[in-house]
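First to last, the sequence lines map onto chains A and B.
Quick note, the first sequence lines up with residues 223 to 681 if you use the numbering used here.
Quick note, the second sequence lines up with residues 223 to 681 if you use the numbering used here.
Treat the hints with care, since some could be wrong.
Because identical chains cannot be distinguished in the list, a pair is counted as satisfied if it fits within a single copy or across any two copies.
[Claimed, not checked] Taking lysine-lysine pairs in the DSS-like style, the calculated list, with each CA pair at most 30 Å apart, reads:
#  : residue 1 : residue 2
1  : LYS517    : LYS480
2  : LYS353    : LYS480
3  : LYS582    : LYS649
4  : LYS513    : LYS364
5  : LYS292    : LYS364
6  : LYS612    : LYS480
7  : LYS480    : LYS513
8  : LYS651    : LYS582
9  : LYS612    : LYS458
10 : LYS353    : LYS513
11 : LYS612    : LYS517
12 : LYS481    : LYS651
13 : LYS675    : LYS649
14 : LYS364    : LYS582
15 : LYS513    : LYS481
16 : LYS675    : LYS292
17 : LYS411    : LYS270
18 : LYS649    : LYS517
19 : LYS353    : LYS649
20 : LYS674    : LYS517
21 : LYS353    : LYS270
22 : LYS612    : LYS649
23 : LYS270    : LYS513
Source of the hints: derived by calculation from the structure; they are not laboratory data.
In this text the structure is predicted, and so the values were computed from the model without any measurement.
Number of protein chains: 2
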Amino acid sequence: MPLHTDITLDFNNMLAERIGAQGIELREIEEMIPTLNQTTRGLADLRKLGQLPFQDLPYQEESLETILSKAGEIRSRFEAVLLIGTGGSSLGASCLQDSLADSRREFRLEICEDLHPLTWDRLARTLPPDKTFLIVVSKSGKTVETLASFLFFREWLLRHVGEMRYRRSVLFITDPRQGPLRQIAEREKIETLPVPPGVGGRFSVLSTVGLLPAACVGVEVGALLQGARRMDERLKREEVWVNPAMMSAALHYLIERKKGRRIRVIMPYDSRLRGYVSWFAQLWSESLGKKLNLKGEEVRCGITPVRAEGSIDQHSQLQLYLEGPRDKSVTFIACERAGASLRVPESYPEHPELAELGGKAVDELLRVERLATEAALTDAGCPNLTLLMKEINPHTIGQLLYLSEVETVLTGALYDIHPFDQPGVEKIKNYIKGLLGAKGYDSYRSLLQNRKKDPRFMI
Amino acid sequence: MPLHTDITLDFNNMLAERIGAQGIELREIEEMIPTLNQTTRGLADLRKLGQLPFQDLPYQEESLETILSKAGEIRSRFEAVLLIGTGGSSLGASCLQDSLADSRREFRLEICEDLHPLTWDRLARTLPPDKTFLIVVSKSGKTVETLASFLFFREWLLRHVGEMRYRRSVLFITDPRQGPLRQIAEREKIETLPVPPGVGGRFSVLSTVGLLPAACVGVEVGALLQGARRMDERLKREEVWVNPAMMSAALHYLIERKKGRRIRVIMPYDSRLRGYVSWFAQLWSESLGKKLNLKGEEVRCGITPVRAEGSIDQHSQLQLYLEGPRDKSVTFIACERAGASLRVPESYPEHPELAELGGKAVDELLRVERLATEAALTDAGCPNLTLLMKEINPHTIGQLLYLSEVETVLTGALYDIHPFDQPGVEKIKNYIKGLLGAKGYDSYRSLLQNRKKDPRFMI
Numbered sequence: 223m224p225l226h227t228d229i230t231l232d233f234n235n236m237l238a239e240r241i242g243a244q245g246i247e248l249r250e251i252e253e254m255i256p257t258l259n260q261t262t263r264g265l266a267d268l269r270k271l272g273q274l275p276f277q278d279l280p281y282q283e284e285s286l287e288t289i290l291s292k293a294g295e296i297r298s299r300f301e302a303v304l305l306i307g308t309g310g311s312s313l314g315a316s317c318l319q320d321s322l323a324d325s326r327r328e329f330r331l332e333i334c335e336d337l338h339p340l341t342w343d344r345l346a347r348t349l350p351p352d353k354t355f356l357i358v359v360s361k362s363g364k365t366v367e368t369l370a371s372f373l374f375f376r377e378w379l380l381r382h383v384g385e386m387r388y389r390r391s392v393l394f395i396t397d398p399r400q401g402p403l404r405q406i407a408e409r410e411k412i413e414t415l416p417v418p419p420g421v422g423g424r425f426s427v428l429s430t431v432g433l434l435p436a437a438c439v440g441v442e443v444g445a446l447l448q449g450a451r452r453m454d455e456r457l458k459r460e461e462v463w464v465n466p467a468m469m470s471a472a473l474h475y476l477i478e479r480k481k482g483r484r485i486r487v488i489m490p491y492d493s494r495l496r497g498y499v500s501w502f503a504q505l506w507s508e509s510l511g512k513k514l515n516l517k518g519e520e521v522r523c524g525i526t527p528v529r530a531e532g533s534i535d536q537h538s539q540l541q542l543y544l545e546g547p548r549d550k551s552v553t554f555i556a557c558e559r560a561g562a563s564l565r566v567p568e569s570y571p572e573h574p575e576l577a578e579l580g581g582k583a584v585d586e587l588l589r590v591e592r593l594a595t596e597a598a599l600t601d602a603g604c605p606n607l608t609l610l611m612k613e614i615n616p617h618t619i620g621q622l623l624y625l626s627e628v629e630t631v632l633t634g635a636l637y638d639i640h641p642f643d644q645p646g647v648e649k650i651k652n653y654i655k656g657l658l659g660a661k662g663y664d665s666y667r668s669l670l671q672n673r674k675k676d677p678r679f680m681i
Numbered sequence: 223m224p225l226h227t228d229i230t231l232d233f234n235n236m237l238a239e240r241i242g243a244q245g246i247e248l249r250e251i252e253e254m255i256p257t258l259n260q261t262t263r264g265l266a267d268l269r270k271l272g273q274l275p276f277q278d279l280p281y282q283e284e285s286l287e288t289i290l291s292k293a294g295e296i297r298s299r300f301e302a303v304l305l306i307g308t309g310g311s312s313l314g315a316s317c318l319q320d321s322l323a324d325s326r327r328e329f330r331l332e333i334c335e336d337l338h339p340l341t342w343d344r345l346a347r348t349l350p351p352d353k354t355f356l357i358v359v360s361k362s363g364k365t366v367e368t369l370a371s372f373l374f375f376r377e378w379l380l381r382h383v384g385e386m387r388y389r390r391s392v393l394f395i396t397d398p399r400q401g402p403l404r405q406i407a408e409r410e411k412i413e414t415l416p417v418p419p420g421v422g423g424r425f426s427v428l429s430t431v432g433l434l435p436a437a438c439v440g441v442e443v444g445a446l447l448q449g450a451r452r453m454d455e456r457l458k459r460e461e462v463w464v465n466p467a468m469m470s471a472a473l474h475y476l477i478e479r480k481k482g483r484r485i486r487v488i489m490p491y492d493s494r495l496r497g498y499v500s501w502f503a504q505l506w507s508e509s510l511g512k513k514l515n516l517k518g519e520e521v522r523c524g525i526t527p528v529r530a531e532g533s534i535d536q537h538s539q540l541q542l543y544l545e546g547p548r549d550k551s552v553t554f555i556a557c558e559r560a561g562a563s564l565r566v567p568e569s570y571p572e573h574p575e576l577a578e579l580g581g582k583a584v585d586e587l588l589r590v591e592r593l594a595t596e597a598a599l600t601d602a603g604c605p606n607l608t609l610l611m612k613e614i615n616p617h618t619i620g621q622l623l624y625l626s627e628v629e630t631v632l633t634g635a636l637y638d639i640h641p642f643d644q645p646g647v648e649k650i651k652n653y654i655k656g657l658l659g660a661k662g663y664d665s666y667r668s669l670l671q672n673r674k675k676d677p678r679f680m681i
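Given the sequences, and given the hints that come with them, work out the whole structure.
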């Protein structure tokens, strides 16, 4: 029986004994144990050497105090935070806000992560400039979208509140040593908090990057870290049959390698987990989508995450999952208690379709929808597993986030790839520089200019 | 040169002459011409026989008048519409609201498509009951989520405004003849509008289902239909080299059959198209995700749509698209004019990263991001195409929606599947009935009860 049951990984429906030929044999898991043990020990060694700093984040008591005190100050002086950041700089905060912030709260958190004049216009129109605190997050301090938005909202604040108050209404979260944001902060005496060294954006949710905005909307970030520590303890048991990170990594590795299922649908049955799904999709894609050179041969890894949501996508994507190509597995996430108890009123006894629903609790209906979907996928031989959460609170979300991070790193290790870099996207930055007319990037601009489109193929 | 340029399909980067071995040879397109012509003519014949009623929707002048008059009445008496529906009953309205409704408008449209007590609670708390009009959409009149939400908000209205006013605050859009909603409407004298016969949810955006909620938030639905008619004219040219629906269908068929690219990423560079992407994902998945029986052999079709968004997902999914498995194509959607012109303020001349951005228009930056991403994907040999829109307005969105529908049906015809049914999801309904304790569905309930989970596989 499980030691901890705040989150249970139910992988019955990944197994051949349940879903037949499309499933994984217990023998296949057994055969992986030596590799899994080696991998887990390798990661434990790296951690001891300080090479996996994201795993230390739950233990940073000192920075937690800084965060709480800063958030308290912001909450007392302002009514809203505008977070400017994108990718790893915004998805963590967005996940925490969606899952944990009380929707009845007064304090607003807006996240400016896309580059669109209508987004800027809406934010500038609806946020109170004299009551809005600006948090600008960019590790490198160079992200184009973030800098452009920063310049826009900086001017907006300067125009409305003046230079003096502007400086007390802004904070940068950036590299502790370098980058333009760091330099500007030093010269203009703008307050900063550091992105912890060695922690990439997609692993930064449990650092200042995710915690400060979350604390501003009243999320108990201490409990979040406590949850992460609890999961850390649980994951220290280096045995696949009791360790959900090892088991999930092994199952997704096997289902891809042995059955060619290169798509992983993430389908929570709880709208509070929308932000989590986008956060996880980045973590999983950027960490595992890698090109390797094995003895001169190019090998491409990666399992494509598909963001879905129950029950909505039953009416949109499920036909494809049930009858389309056998290239997917499905990860359900379920929450036993939905955070508010409401019942369907009893009415229309003469209509069975309505009478059946009367008196039912909404979370019971949601459970029925999920179990029916799970059953249909299982019948169709589609491997699926469920992360079952007792409820959604800071403690369980802390566990879920930490579990997802460790699972991702373990999966990367099974593929023998480096999960912490993103070499592919560097090239895009060069093209952007070229198109913006930056010095030294002319060759990229010319490359694009010489690559004329053939008008016959534009119809 | 293109006859119409409100929307241009640029497929340069799908071709081998551009991206190399991963692309499609012109010869392969040429070879498909007989099949394409046969398919197109077959569909034209079906249309003449009245078998493709979704293609007649843009020409329904009479129902347009009904919609406009009903919307006018709702706008004059209410301040908000609460639309209850899911899947094809909500995604069209959501797409039209996201892309075309003025974000400065006063009139609210809320869509209740998920089953969650917190969603119900938020809506009941923030909508003014005496100023809220309820639109309930379900073709069959039996959708569980929709009926449950209806019962809840019906009671909410009855409690706040009483029986008399409730009946003037609600409208059903359902089958013209049958189903529980139809029966209730007749008995209680509730106003109804019909879902046009033969038009399934995912093809209903240009009917009352999509148009009435859109008209309530001020969308010019007449111009939307005009755009659809214009696209219809354009698509009547039965020649693949000038017909974007035929070309896109052929390209996606070829890239899947010949290159095994079974994932289609849809990545607009305009946040107004978020709703469109979800609408398209349903259209594409449910229409094409099908199991066939060809001479006793099971064949599974379907290309999995992946919902993405530029520039945000550059910082989340792009690493995977660039270096991960060669199983994807990317569809960009770009808009030349972004609907508001804002510029990045000029500042910090001493920092090249910021100085480069100063003075640039936001839509220009968005274009730079997209072109750089396109270039990197093209360099990586990832097939990609771009739907280039002059601007986003009712006329162009009408074109886009109609183009997407025809393209989907054509693609289905190439795979020899029936694009209008969804046989796979029917089974889920039986399980739901069983779990809800409905009469006659005991066998489904027992099936689930007998399928006990093995606790060893719940960790």
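Are the CA atoms of LYS674 and LYS517 at most 30 Å apart within a copy, between copies, both, or neither?
Neither: 36 Å inside a chain and 47 Å across chains, both beyond 30 Å.
With identical chains, the pair LYS517 and LYS480 could be close in the same copy or across copies; at 30 Å between alpha carbons, which is it: within, between, both, or neither?
The answer is both: 22 Å in one copy and 28 Å across copies each meet 30 Å.
Copy assignment of LYS353 with LYS270, given that the CA separation must stay at most 30 Å
neither (44 Å within a copy, 62 Å between copies)
How do LYS292 and LYS364 come out at 30 Å by Cα distance, when the copy is not named: within, between, both, or neither?
Result: close within a single copy only, 25 Å intra versus 52 Å inter.
Up to 30 Å CA-CA - LYS517 versus LYS649, copy category:
Within one copy, since 24 Å is at most 30 Å while 48 Å is not.
Between the shortest in-copy and the shortest cross-copy C-alpha distance, which are at most 30 Å for LYS582 and LYS649: within, between, both, or neither?
between (54 Å within a copy, 22 Å between copies)
Should LYS353 paired with LYS649 be assigned to within, between, both, or neither, using CA atoms and 30 Å as the limit?
neither (39 Å within a copy, 53 Å between copies)
At most 30 Å between alpha carbons: which applies to LYS612 and LYS480, within, between, both or neither?
Close neither inside one copy (33 Å) nor across copies (46 Å); limit 30 Å.
Is it within a copy, between copies, both, or neither that the alpha carbon of LYS481 lies no farther than 30 Å from that of LYS651?
Classified as between; 29 Å across copies, 36 Å inside a copy.
Treating 30 Å as the Cα threshold, decide for LYS651 and LYS582: within, between, both or neither.
Intra 53 Å, inter 17 Å, cutoff 30 Å: inter-copy only.
Tell me, please, which holds for LYS513 and LYS481 at an alpha-carbon limit of 30 Å: within, between, both or neither?
Answer is both: 20 Å inside a copy and 19 Å across each meet the 30 Å cutoff.
Within a copy, between copies, both or neither: where do LYS270 and LYS513 come within 30 Å Cα-Cα?
Answer is within; shortest intra-copy Cα gap is 28 Å, inter-copy 51 Å.
Violated hints, in rising order: 2, 6, 10, 11, 16, 17, 19, 20 and 21; the structure is consistent with all others.
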